[in-house]
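**Student:** Each chain, written out:
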Amino acid sequence: MWDRNEMAARAAKEIKDGMYVNLGIGIPTLVSNFIPKNLNVTLQSENGMLGMGPFPKENEVDPDLINAGKQTITELDKTSYFSSADSFAMIRGGHIDMAILGAMEVSDSGDLANWMIPGKLVKGMGGAMDLVSGVRRVIVIMDHTNKKGESKLLKECTLPLTGKGVVDSLITNYGMFDIVSEGIKIIEIADGANLEQIKAVTEGNLVI
Amino acid sequence: MSKVFPSAREALDGLVFDGMKIAAGGFGLCGIPEELIEAIRALKVKDLVIASNNAGVDNFGIGILLQTKQVKKMIASYVGENAEFMRQYLSGELELEFNPQGTLAERMRAGGAGIPGFYTKTGVGTVIAEGKEHKDFKGKTYILEESFVADLAIVKAWKGDPEGNLVYRKTARNFNPNAATCGKTCIAEVEEIVPVGSLDPDHIHTPGIFVNRLILGEHEKRIENRTLTE
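In the order they appear, the protein sequences are chains B and L.
The opening residue of the first sequence carries number 326 in my numbering; numbering runs sequentially from there.
The opening residue of the second sequence carries number 593 in my numbering; numbering runs sequentially from there.
Be careful, since some hints might not be right.
Stated by the list, open to error - Below, a list of computed lysine-lysine pairs in the DSBU-like style, where the Cα atoms sit at most 35 Å apart:
{"#": "1", "chain 1": "L", "residue 1": "K638", "chain 2": "B", "residue 2": "K448"}
{"#": "2", "chain 1": "B", "residue 1": "K403", "chain 2": "B", "residue 2": "K445"}
{"#": "3", "chain 1": "L", "residue 1": "K776", "chain 2": "B", "residue 2": "K448"}
{"#": "4", "chain 1": "B", "residue 1": "K480", "chain 2": "L", "residue 2": "K730"}
{"#": "5", "chain 1": "L", "residue 1": "K636", "chain 2": "B", "residue 2": "K445"}
{"#": "6", "chain 1": "L", "residue 1": "K613", "chain 2": "B", "residue 2": "K448"}
{"#": "7", "chain 1": "L", "residue 1": "K661", "chain 2": "L", "residue 2": "K730"}
{"#": "8", "chain 1": "B", "residue 1": "K382", "chain 2": "B", "residue 2": "K524"}
{"#": "9", "chain 1": "B", "residue 1": "K445", "chain 2": "L", "residue 2": "K724"}
{"#": "10", "chain 1": "L", "residue 1": "K713", "chain 2": "B", "residue 2": "K341"}
{"#": "11", "chain 1": "L", "residue 1": "K664", "chain 2": "B", "residue 2": "K382"}
{"#": "12", "chain 1": "B", "residue 1": "K341", "chain 2": "B", "residue 2": "K510"}
{"#": "13", "chain 1": "B", "residue 1": "K472", "chain 2": "B", "residue 2": "K489"}
{"#": "14", "chain 1": "L", "residue 1": "K751", "chain 2": "B", "residue 2": "K448"}
{"#": "15", "chain 1": "L", "residue 1": "K813", "chain 2": "B", "residue 2": "K445"}
{"#": "16", "chain 1": "B", "residue 1": "K338", "chain 2": "L", "residue 2": "K638"}
{"#": "17", "chain 1": "B", "residue 1": "K489", "chain 2": "L", "residue 2": "K730"}
{"#": "18", "chain 1": "B", "residue 1": "K338", "chain 2": "B", "residue 2": "K362"}
{"#": "19", "chain 1": "B", "residue 1": "K341", "chain 2": "L", "residue 2": "K732"}
{"#": "20", "chain 1": "B", "residue 1": "K489", "chain 2": "L", "residue 2": "K813"}
{"#": "21", "chain 1": "L", "residue 1": "K762", "chain 2": "B", "residue 2": "K489"}
{"#": "22", "chain 1": "B", "residue 1": "K403", "chain 2": "L", "residue 2": "K713"}
Derived from the structure by calculation, the hints contain no laboratory data.
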C-alpha cells in the first residue's frame, strides 16, 4: 500500500521533460518533491505565475508572491507573471500538459467530484473546473476509500461534479489506474496490495 | 484634467451609489485595493454587487464590507477563510454566485473588451451549466457565459503614472488588469506615483486609457498563509 509520499512519487513518474504542470493543494503539492532535478519542468500557479520555486526562507517572504493556495512562494530565473485571464487562457486553451489534483469521488467514466458536499460549508471551486476541463491530462491522487471504508471509485458520483468525463488517470493507496472507455483499468498495483483487495474496495467497473 | 486624486475618499466622489456593481482586483489578500475598500466602507453605500475572486477575511479586504452588511451579492470563485461571509450566506442575508475562476476572469476580460458573452467547456455537466445555453463546436459541448461590466472597477498596482499607466508586481497582478478594463470607471491605487515618461512603454501592463482616477495608497499587504521552506 502506498502512503502519501509514495502516491506523490508515483505521480511524479508521469511528468516528462519539458512539461508545464499545475499541482493542486494537498498530496499533489508533494509531487514537486519527486520531480527529477535533471528534467526541465515548469510549474504553473493559476493565480498568475509560471515557474514556481520552493517555499521561501524567512528573509525571502514577499506578500506580493503567493501560490494558488495563498502560500508564500519564491520565483526562479525562468519565472513569468501574468493576469488571471492570461493564466486561464493557458489552462482553458489546452496549453498546460498536466494537472494533478485531489478528489472526493471519481466515476468509472472519469467524472470528478472535489468541490462541494451538499449541506456542508461550500468554499467554492476556485480554478478546479477550468483545470479539469482544459488541461491535456488530468491525474487524480486520492485515498481509494473514505473514512468509513467505502469506495471513492464509483459507477456514478454522488456529489456535485467538478467535471464530467475529465479524469485520465488515478493514483490511490492501492495503485495506479487509467480511465478507459470500459471503465477503470489497473495499470500498477501498489506493493502490499493485490487484485482481490482492489476488487473489494472498488465500486466502479474495473478493467483487469 | 489630472487623473491623480489626493485620497481614496475623494477619488470615489460622484461614483458610488446603492446597488452598484463593483469589480475588484486581488487574489486572496494579495494585490487588493485596500484603501478603496476602506473608503467604500466609510461612505456606507449598500446593496453592493461585488465581483472578486475572493471575499477577503473577516477583518481585512472585502471582509470589512461584509461586517457592515454593505454587500448584497458576491460573485466569486472561492470564499473560504471568512466566518462572517458564511454566517450571512447561510442565514440568507447575502447572495452568492460561484463562478469558476477562469470564467470570472474571462467575464471581466470580455466585459472590458465589448464582448457580451463567450462559450467555454468549463462547467459543462456541472451545476454551473444549469439554465445556460449549450452549443456544440466541432463535436464538443460548450456553455454560454455572459461577460461582466461593472459600474466601478477598483484595482491595486505597484507603480502608476499620472496618465494612468500601471505596472503590477509579481502575483499581485492577478485579476487587477482584467478588473481594470471592465469598469465603466476605474480607480487604481498604487504604491508609488512616478513621473510620466519614467515607465518603460514596453513594460506597461495596463495602459492609461483603462484608468480614470489614480491614488497613492499605503498598503498593509497582509499575508494569509505564511509558508516557509523546511
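**Student:** Are the hints correct? Go through all of them and say.
**Tutor:** To see whether the hints hold, each was checked on the structure:
Of the pairs offered as hints, the one joining K638(L) and K448(B) holds, with about 24 Å between alpha carbons and a cut-off of 35 Å not exceeded. As the CA atoms of K403(B) and K445(B) are separated by approximately 41 Å, the hinted pair breaks the 35 Å bound. Simply put, K776(L) and K448(B) have alpha-carbon atoms about 30 Å apart, close enough for the 35 Å limit, and the pair holds. Restraint check for K480(B) and K730(L): the C-alpha separation of about 28 Å stays at or below 35 Å, so the hint holds.
Taking the CA atoms of K636(L) and K445(B), the gap is about 32 Å. The hint holds against a cut of 35 Å. Between K613(L) and K448(B) the alpha-carbon distance is near 22 Å, which keeps this suggested pair within the 35 Å criterion. Taking the CA atoms of K661(L) and K730(L), the gap is about 47 Å. The hint is violated against a cut of 35 Å. For the hint linking K382(B) to K524(B), the alpha-carbon distance of about 46 Å lies beyond 35 Å, and the restraint is violated.
Restraint check for K445(B) and K724(L): satisfied, since their Cα atoms lie roughly 26 Å apart, inside the 35 Å limit. For the proposed pair K713(L) and K341(B), the alpha carbon gap of about 26 Å is at most 35 Å, so the pair holds. For the given pair, K664(L) sits about 41 Å from K382(B) by alpha-carbon distance, which is inconsistent with the 35 Å threshold. Under the criterion of a C-alpha separation no larger than 35 Å, the hint pairing K341(B) with K510(B) is consistent with the structure, at around 22 Å.
In summary, the hint linking K472(B) to K489(B) is supported, as the alpha carbons are separated by about 25 Å, within the 35 Å threshold. About 33 Å separates the Cα atoms of K751(L) and K448(B), which keeps this hinted pair within 35 Å; it holds. Only pairs whose Cα atoms come within 35 Å are accepted, and K813(L) paired with K445(B) is accepted, the gap being roughly 31 Å. Using a Cα cut-off of 35 Å, the hinted pair K338(B) and K638(L) is violated, with the two alpha carbons roughly 53 Å apart.
With a C-alpha separation of about 18 Å, the suggested pairing of K489(B) with K730(L) holds against the 35 Å cut-off. Annotation: proposed proximity of K338(B) to K362(B) holds, straight-line Cα distance about 12 Å (limit 35 Å). For a cut-off of 35 Å, the pair hint linking K341(B) to K732(L) stands: about 28 Å separates their Cα positions. For the proposed pair K489(B) and K813(L), the alpha carbon gap of about 38 Å is over 35 Å, so the pair is violated.
Restraint check: the Cα-Cα separation between K762(L) and K489(B) comes to about 34 Å, which is no more than 35 Å; the hinted pair holds. A hinted pair counts as satisfied when its Cα atoms are at most 35 Å apart, and K403(B) with K713(L) qualifies at roughly 30 Å.
Figure legend: structure checked against the earlier numbered hints; hints not met, in rising order: 2, 7, 8, 11, 16 and 20.
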